[in-house]
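Going by my numbering, the sequence shown opens with residue 8, and the numbers climb by one from there.
These are calculated hints, taken from the structure and not from any lab test.
Be aware that a few hints might be false.
Unchecked claim - Label-pair ranges, simulated between beta-carbon atoms:
| hint | residue 1 | residue 2 | range |
| --- | --- | --- | --- |
| 1 | GLU69 | THR117 | 30 to 40 Å |
| 2 | VAL75 | ALA52 | 37 to 47 Å |
| 3 | GLU93 | LEU125 | 28 to 38 Å |
These figures come from a predicted structure and were not determined experimentally.
Quick reminder that beta carbons are idealized off the backbone N, C-alpha and C, glycines included.
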Amino acid sequence: LYSTSRQMTAAYRPILDEHHLTYPQYLVLLALWERDGQSVKDLAARLHLDYGTLSPLVKRLEAHGRVVRARNPADERSTLVTLTDEGAALRPLAARIYAHGAEILDMSETDLVTLRRLVGTVRERLSAAAGA
Numbered sequence: 008l009y010s011t012s013r014q015m016t017a018a019y020r021p022i023l024d025e026h027h028l029t030y031p032q033y034l035v036l037l038a039l040w041e042r043d044g045q046s047v048k049d050l051a052a053r054l055h056l057d058y059g060t061l062s063p064l065v066k067r068l069e070a071h072g073r074v075v076r077a078r079n080p081a082d083e084r085s086t087l088v089t090l091t092d093e094g095a096a097l098r099p100l101a102a103r104i105y106a107h108g109a110e111i112l113d114m115s116e117t118d119l120v121t122l123r124r125l126v127g128t129v130r131e132r133l134s135a136a137a138g139a
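All chains should be built: construct the whole structure from the sequences, respecting the hints.
If you want it as structure tokens, here you go:
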């Protein structure tokens, strides 16, 4: 799984490099494109990252004008991450990367959906076993 993940990341790298993004930064944007205005805690849970890993990613995205961080008005202890116009404008990148991956893998849409489901199941079971 590790080597496959690295190879997929390498396949996406040329597209991400055009936009000065790393794959982990892209994953943060992907989560925000799905639901903007998430707390750092919610983003970390969604991406299966700890705060120490996520925080520098968000800071770099903010430094490049893709997101802004602000205190949550409903809970001052929480920080919300929101897309800027520039970050939102990158959304078509998701379709481009998905299409590129599908082309490389040469798999049907059905097989890609099955693959994603199976990988998710493996992740969930490993996570549950680690927590047990």
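Outcome of the hint check:
1. GLU69 <-> THR117: 30 to 40 Å: holds (39 Å)
2. VAL75 <-> ALA52: 37 to 47 Å: violated (21 Å)
3. GLU93 <-> LEU125: 28 to 38 Å: Cβ of GLU93 to Cβ of LEU125: about 35 Å, so the range 28 to 38 Å holds.
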